[in-house]
Structure formats: C-alpha cells, structure tokens
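Take the given structure of chain A and dock chains B and C to it, following the hints.
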Amino acid sequence: MRSFTLLLMALATVLLLGLGWLLPGWLTFLLTIALAKSLVVLGLLILMRAGLVSFGQGLYYCIGAYCVGIAGHYFDTQNALLLMLLAMIISTLVAAVIGLLLCRYRDIFFAMFSMAFSMILYGVLIKSAAFGSSDGFNVKPPLLFGWSPGGESGPLLAYGLAVVAVMVVCSLLWRYLRSPMGYAGEAVRENEIRVEYLGVSVQRILYTKYIIAAAMAGLGGAITALAAGHIDPDMAYWTTSGEFVFIALMGGTGHVAAPVVGATLFELLRTYASQISPYTWQMILGIALLAIILFLPKGVWSLLERIKKGKTS
Amino acid sequence: MTLLIAMLMDGLIYASWLFVIAAGLTLIYGVMRILNMAHGSFYAIGAYGGASLVGLYLAGGYPVWGSYFVLLAAALLGGLITGLLIERGLLRVMYGRDEVVMILVTYAALLILEDVIKLIWGVDAYFAYQPYTLLGRVKFAGLSFAYYDIALIVVSAAIGFLLWWGLNNTRYGKLLQAVIHDRDTASFLGVNVTRMFTTTFVIGAMLGALAGALTAPGISVMPGIGVEVIILAFAVVVIGGLGSIGGALLGALIVGLSRSAAVHLLPDAELFVIYGVMALVLAFRPQGLFAIASARKI
Amino acid sequence: MSVLLETRALARHFGAVTAATDINVSISAGEIVGVIGSNGAGKTTFINMVTGYLKPSSGDILFKGESIAGKAPRQVMRTGICRSFQVAQLFPELSVLDNVLIAYGMVKQPSLSLFKPLATAANIQQAEALLDEYGIAQYLPEKVLTLPQGVRKLVDIALAMLGEPAVLLLDEPTSGVAIDDKFELMDTVMRAVRRCGAAVLFVEHDMDVITRYSTRLMAFYEGRVLADGPTTEVMNNEQVKEFVTGHHLDIHPQQENIHA
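Protein chains in written order, with my numbering: chain A, 1 to 313; chain B, 1001 to 1298; chain C, 2001 to 2260.
Isolated chain A (complex conformation) (with noise of 0.2 Å):
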C-alpha cells in the first residue's frame, strides 16, 4: 500500500512538472504561487487541528521572503535549495524564541497575539530603509546549483521547486498526521486536562507543531520570492495571514492535500476577481468566505468526500 502511494506521488510530481512546459506562462506563475501559499495553509493545517488558529503566519512567510532577499542581496547568493533551507532554519528560531510565549495562548487570545508578533515585524520592515521600507525590494532569480532553464522558461525553475517542496511537504505531513504526535494535535483540541492526565506536557505539544507550521510558512515566503522576484512589507500585514486563514477554512483541514486544493482555488478566484471587477473582488472574497462558513463548514475537500462516499455507496 505504502510504496504504490509513493509511485503514485512520483508519477504526480513527474506529470505536474512536464505540465510546466505545456501550460501558459502566466498559469504556471499562478500554480507556483499557489504551491508556495499551500506550504504555509499545510502549517496552518496542524495548528488547526491542534485547536489553534494563528492570524500571524504571515510573519513566518515574510521572514522567509526577505531571508531569500536579503542573502542575495548581500551575500550573492542565489542557490535555491541553500536559500530555502536558510529560509526555514531563521524561521525555525524565530519560532523557538516566540512560541515559548505565544503557546501559553488559545482562541482569540492566541489569534490576536500572533496577529501582534506579524504586525510587530511589518512596522519594523516599513521603517526600515535598508530593506527598502513599503517599496521592498527585488529578488533575483533562483539557481539550481548555477543552472536556470533560463529565459522564457525561467520561471519554470521555481514552479518545480513549488511542486517538489509540495509534494514532500504533503507526504511528510501525512505521515506525521498518522504518528502520536500528529494525533496528540487532536487530543489537545478536544481535552487539555486529559493530556496532562496522560503524563504529557501540552505546551510542548503545541510548542512543537507551532515551530514545525513556522517553518513551513518560511519554506512557503522563500518560493514565493525566488518566484514573484520581489518581496514587500505587506507579506507580514495581517490581511495575507488572513489570506491564509480563509484558505485553510476553504480548503478544509480533512486531507493534506485540501490546502493545495484551496490555495489553488483562491489564487484563480482572486487573480479572476480582481481583473474582472477590481474594486468588488474583496466582496467577492467576503461572500465566499461566509458561504463556506454556512454550507461547507469543512471547506470544499469535505465536498469532495461526499461525492466519493455518494459514489462507493
């Protein structure tokens, strides 16, 4: 079972990838995007599940933005792989440092505390000049080891970054959902007095899944910068982390592969909405938001669900 899901991932991946080669520019630039956002609605995915839900991703997708930046920029450096991982490990100790506080919080309390963490790190961006204040500043393009398909196909490199980064991600988490830490998530959810009856601390519970969701925000900000070649200031403002919030909530939380599913789904709702009527795509926004609170509670994934136990019964 194990190693034809597997075969079954790699066939995927090899499909997405040649895919890149037959799908318009602007729709490749759309799914990289998309991926990249997905990391993050992943991370947010387990915190989720765990009964947390963080209006502050956005700091770990800025750190992770402007880690890419600022070691091109000053460093030279354009190493995809050396830069994501760069992204990820900054990630991983800003949360060490923060989660220690924050994962004392729950509900609103824990929202509007990493809500304050991410608004923290925007006014530091918007004043700073070295980093380009509210202009930002630009990326260069990624390197896989020196090599770039280059020119047109360019932005291609970035794509298969996303699609494999994903493809591992998911993977990963659907192995972690299945181990005792990933059912502790729930456990936490449904009765913290209980777990601590089991002998285990729940801080360090969700302690560890706040720093794992922080990485992968990190991973997520990295792509998107070696992809969109820019980076800003506003990937710390609450509304992105609000952004991702609603993507999780659309996608669902079922199914690893629901982010990927929802992200996808807003990226091609919002870039439609905003061409089509610029200034009522955020309504739009907003009355998809409120028809998923009210019909789809578990996001469009558990749609899918439906459909399949419609069609096996």
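For the record, the hints were derived by calculation from the structure and aren't laboratory data.
There may be inaccurate statements among the hints.
As the list claims (entries may be wrong) - Pair by pair, the computed Cβ-Cβ distance ranges are:
hint, chain 1, residue 1, chain 2, residue 2, range
1, A, Leu100, B, Pro1267, 24 to 32 Å
2, B, Leu1004, A, Leu100, 33 to 41 Å
3, C, Arg2078, A, Ala291, 43 to 51 Å
4, B, Phe1284, C, Ser2038, 49 to 57 Å
5, A, Lys140, C, Arg2078, 51 to 59 Å
6, B, Arg1092, A, Thr92, 40 to 48 Å
7, B, Leu1084, C, Ala2121, 58 to 66 Å
8, C, Glu2164, A, Leu6, 38 to 46 Å
9, B, Ser1187, A, Asp234, 15 to 23 Å
10, C, Ala2121, A, Leu303, 29 to 37 Å
11, C, Glu2142, A, Leu6, 29 to 37 Å
12, C, Phe2115, A, Ala291, 34 to 42 Å
Remember, predicted model here, so these are calculated numbers, not experimental data.
For glycine and all other residues, C-beta sits at the position ideal for the given N, C-alpha and C.
Positioned in the frame of chain A, the structure of chains B and C alone reads:
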C-alpha cells in the same frame, strides 16, 4: 519640558479617538462575545460619510459652524444603518458558532464593506478640513495646538462619561452589564438578549463611526484607513481586557502615550512600540488589564 | 503495610472560601478507601490538590515519602497516582479506539514520535484487550460523544489505569450511572484494580456502593475530615450521621460488604 508636554498632548489626542472606537469594539465583545473585525469599516464609513457630507454641506453655502452637526449626524446615521444591516442581515444568521468562527464572519463583513465603501465613495481622497481649521490654534508652552484636537479630548471624555453613567446608572445599562457577565442567566431572568444584541451592536457601530467622523477633518480620508485602525483598536481592547470599557480607556491611554513617546523619541519604532506594548501586557496579564473572571472546569 | 500517599495539614482557600483545611490522610498499599461528604465539602478539591491540578494553600503531600505538593498533573501521574473524573474527561469527537490509542501512546511513550504510525495492528490489539477487560470492547469504533454515561465512565477509569498506578483516585465513579448498573461497574473496576494491585480511594454519594466496597471510610464536611476509620465505625459515628449521611434518622444500610 517642552518635549514632555508635546508627548503628553499628542498622546492624549491620539488616545481620545482610539478610546471611542475601542469602547465600541469592547462593548460588542462584552455583550455578544464577538470580536468584530468589521469595526474598522464603521470608522471608515463615519470618516467618509462625515467628510463627504461636510463637503456637500459647505458647497451648499451653509455656515461652517453647522458642519459639526453634519459630522455628528453622518456618524450616527452611518453607524445606525450599517450596524443594523450587519447585525440583522448577517450576524443573526450566524449566532451560536465558535468565537473564532465569528471573527472570520466579521472578517468577511470587513472585506465586503471595504469594497462597498470603494463603490460608494471611489478611491480618491476626501478632505474636510474646515471644521478643523475653523477653531484655530492656541500657543502653549512654546507649542502650537489646534483647538479642534483639544475639543476632541473633551468630547471623548464626555462620551466616556456618558457610557460609564449609562452602564451604571440606567436600568438598561445594568441589564447590559448582567448580559456581559452571564448571558444565559440574564436570559433566564427574562432579559431580551436578542434585542440587546442588536442595540449593543448598533451602539458599538455608532461609536466606531463617530470616531471616524471626529477624526476625518484632521486627516485625508482614503481607502484602507479602516483596516489600519482595526489593528490599533484590537491592541487597545486586548490590553484593557475584552469587555471592559474602563479597560478600553486605560488601553487607549497606554497605546496613545507610548505611540506618542515613540513618535517623538524614536519615530522608526512607532508601530513596533504599539504591538510591543500589547505583547508585553499579554505576557504578564494574558486576559488584559481588567478582564472578566471564568469558572472551574473539573 | 507501607504508606503510599500521605497528606499533612493540607489546606486550600479560594479568597474567603475555605475549600479544605487541616486534611491529614494516609493511604497504604492494598487499601480501598471510600470518601463521602455533601457537595462542596472538599472531596474533589482534595483530589485536585493531590493530583496537582490545584496548588495547596498550605500543607504537604507525600508519595512514598517524597513531597509532590506543587507538582504538575503530568508529573504526579508519572510518579504513580492516577485519577478518574466526576465528568469523564475524554476526547469527545474522536472514536473510543482513538481515545485509547492516544492514551496508550502518551502513557507508554511520552516522547511522542513524529513519524512512527500510532494505529498499528499491535496497538489496536492492545486497545481491544484493554476494553475487553472492562467489557466494553464493542464500543471501540463509536465516537465518545455518542456513548452512554456508564461506558464513558468506564473508559475514563480504564485510561486512568493505563498508568499502572500505585494509588488510584476515583471521583464519583458511579454518578450518572443507572442504579441497576452501579454494582456491575464497580465490580468491573475492582477486578481490574485487584489485577494491578493499586490502592484505591473513591468518592461516592451512593451509600450502598460505599458500604459494599470500602473497608475504610473518610467523611468530609465543610473542608475538614470529620471521621476516618473502618467503614462501619465511621457510618455509626454520631457526627457523621448528623452532618453527612443523615442516618441519625435511623435508616440502616442494607448492603453487605464484599470484603466481609
């Protein structure tokens, strides 16, 4: 010394409109247990409504001193209509859900309202500086202050007093306090909680709109002011304790004064200071400075 | 008989309210101690303090001679004291199987692996075996939410036993359970207890359950221990009859003690 007075006055001015909007936000949370993300939109509607109506009013050739009433009317009307629409049209349908889900519902309302504002008023900036400049300025301790800003402090204090008096000395206010402390018991005792929700939300909306209308003459009213303001209002309300008006006052003062200190001493740290203070308060008093107690679980 | 659990002058105040004062208790290996007292007398507060959920205002708690006062519940659990709850503390939206798997994993391997799967065939078998002991294996696939009260209580107690405690504290194990099922539940629990050899302290309101299962009885009243000794003695104590059981109204227990 001049610096100190400048910091103090700027801090108080900033705190005064912050208090008005935060009071509305905390009142809504206290009674309805909803953290209203759309509160910034009430502020924006008050600002846009006030600025545009004052513009129309003055273009009609009417005396400038009447513009204050126009501002007030715009705020109260804007808050009333929007508040009613949102509470009756949206929140009613969603009641009973998880607190965090309600935040998302109000976030959706925020998204919708932001575009509604753009549709009604467009994306250009509005200016309605006449009410601000009419009152002139005063020189004090080597600094120049606008009478309007000083009046703002007085008006906010008056609103604060009215709220306090209303909550503690009227029958309705006491019922409101009962609902804040224990909604279920209040409803068992016959309080019409549903009607109270509507009233509270509308009062909260009007306070938000009022803060916007009062601030409008001193700023350029542009898209996005609502979104900027909501974060500040959150910081104030969380510092003061969700549901406490006294807390909103204290929180507004703390945020206003610390921001003012940052602006005068270390301008780059302005935003950092505000959220830094919030993070600091939460680190030591996770429920905020004046919070409502909670019961035993096992 | 070695003393396992001991409290010395244990007290707890909540502002002006005295929930417990001057509690001196000692539990030795093999004892089965009943605890009675009206609501608010301090029984649950006592259990909460011993298991670390509440910090005592003053006094000490010793387990096997070492002080454990002020330790967190998870530390107390690891030393060998486990408890069940008045309202069963389970994971409501999860299945009974998941509840047991999670509990089993946490108790046996607190380091919580991030990669090894939890729901292995071996672990599932263990879960089945555990619930079989309590006669409720058929409920494994059900969501805890849907379970009848008695089954929930049994699962709660089963989870408490996972820690193989030296001392087991049961907070109203039969409350909310239908009268006809109370003895069956207690019989099941006592069988499991005898198998692992734990000393038991159980809080109860049902006098029939108390007289049937406990060899020793403690009566709480307004935060103090009013009487502590062999069950029949305490039941006949005048003060206990007056303030706790109401037996001064001349109603005599009908139950036979299972240990007699």
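Hint by hint, here is what the structure shows:
At about 30 Å, the CB distance of A/Leu100 to B/Pro1267 agrees with the hint of 24 to 32 Å. The given range of 33 to 41 Å is respected by B/Leu1004 and A/Leu100, whose C-beta atoms sit roughly 36 Å from each other. Checked against the given bound of 43 to 51 Å, the beta carbons of C/Arg2078 and A/Ala291, roughly 48 Å apart, stay inside it. For the pair B/Phe1284 and C/Ser2038, the supplied restraint of 49 to 57 Å is violated, since their beta-carbon distance comes to about 39 Å.
Take A/Lys140 and C/Arg2078: their Cβ atoms lie about 53 Å apart, and the range 51 to 59 Å holds. Range check, B/Arg1092 to A/Thr92: about 44 Å between beta-carbon atoms, so the 40 to 48 Å window is met. For B/Leu1084 and C/Ala2121, the Cβ-Cβ distance of about 60 Å falls inside the hinted range of 58 to 66 Å, so the restraint holds. Remark: the range hint 38 to 46 Å for C/Glu2164 to A/Leu6 is upheld by a beta-carbon distance near 39 Å.
In this structure the hint that B/Ser1187 and A/Asp234 lie 15 to 23 Å apart at CB is violated, the actual value being about 44 Å. One distance hint, 29 to 37 Å for the beta-carbon pair C/Ala2121 and A/Leu303, holds here, with the actual separation near 33 Å. For C/Glu2142 and A/Leu6, the Cβ-Cβ distance of about 33 Å falls inside the hinted range of 29 to 37 Å, so the restraint holds. At about 38 Å, the beta-carbon gap between C/Phe2115 and A/Ala291 stays in the expected band of 34 to 42 Å.
In the structure shown, a violation is registered for the earlier hints numbered 4, 9, in ascending order.
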